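Below are the chains, spelled out letter by letter.
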Amino acid sequence: NAGVTQTPKFRVLKTGQSMTLLCAQDMNHEYMYWYRQDPGMGLRLIHYSVGEGTTAKGEVPDGYNVSRLKKQNFLLGLESAAPSQTSVYFCASSYFGETQYFGPGTRLLVL
Amino acid sequence: GEDVEQSLFLSVREGDSSVINCTYTDSSSTYLYWYKQEPGAGLQLLTYIFSNMDMKQDQRLTVLLNKKDKHLSLRIADTQTGDSAIYFCAERPGGSYIPTFGRGTSLIVHP
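Residue numbers (the working numbering), protein chains in the order written: chain F, 57 to 167; chain W, 121 to 231.
Now the stretches of chain W that chain F is said to cover, found in silico as 3 or more residues with beta-carbon under 8 Å:
#1 150 to 162
#2 205 to 217
#3 221 to 228
It is worth saying that the hints were derived from the structure and are not from the lab. If you're wondering where the values come from, they're calculated on a predicted model, not measured in any experiment. Ideal placement from N, C-alpha and C gives every residue a C-beta, glycine not left out.
Just chain W, same shape as in the assembly:
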């Protein structure tokens, strides 16, 4: 079955790097996503990675994919207070148009 797991909370100091982790179970996944939800708003796509890639970098964001361990991570460099939000990991299994979302990780950035 499909299941996406994330830790619920992460607290970091401003200026440090944040690493948010996610594990998934479906071995046929083709797309893996990271969404950001700011307070009172909808989800906004941050980045995504194809399952044939190991890494993707976009400015302060780095996504790492370990297909063997079915582990996905999102690293935010130089974390700012504006990065405080809930981050959702999602997978979309091959041949499906229904993504499965994790429960979200609340990132708290303190001075």
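Next up, chain F with everything else stripped away, as it sits in the complex:
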């Protein structure tokens, strides 16, 4: 099993550009999550999904959209990137909300 994978590993964007971060898991988990990690801020939940076709807002959802068209994939979109979205993005998954398994992260720099 590959576990939780994230694509891309690193990306540089210009302000106003758009991009999609892909998260994939092969553990048949129902729940998936997107977090951002900033220095001194810990992990902050952006959006999450409790099953295929469902999404919900987390603590810091503004400027992001998500989709869960397939159970194994959870996409995070930035429609118009801003420098404040420079961060490390982590995807996680769990069976039904208990132990989370994290991906390796995507480092995003918005200039």
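Starting from the structure of chain F, add chain W where the hints point.
Same frame as chain F, but now just chain W:
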């Protein structure tokens, strides 16, 4: 409300024991977790404890839970340089599938 507090830094000498502390506020918590994040990587689950337990031991790791004071600690025996990382405490309140993470404690192990 939910809040998880940790000290930001801990420095220990190689071979000594490390104790990382965490306090939480939700009295209905059922699961309490410790995650480890090595540089440039995602979070990896180290151990977890149910709220009806006082202690859990796993090789060099000992978790102590004081429910009265809502205090959780992680003790690492015989700390090695490979233990240098950020350690996150997390709680998952009863009936919720969204854990709350602390801001992480950076453990620095020096010779």
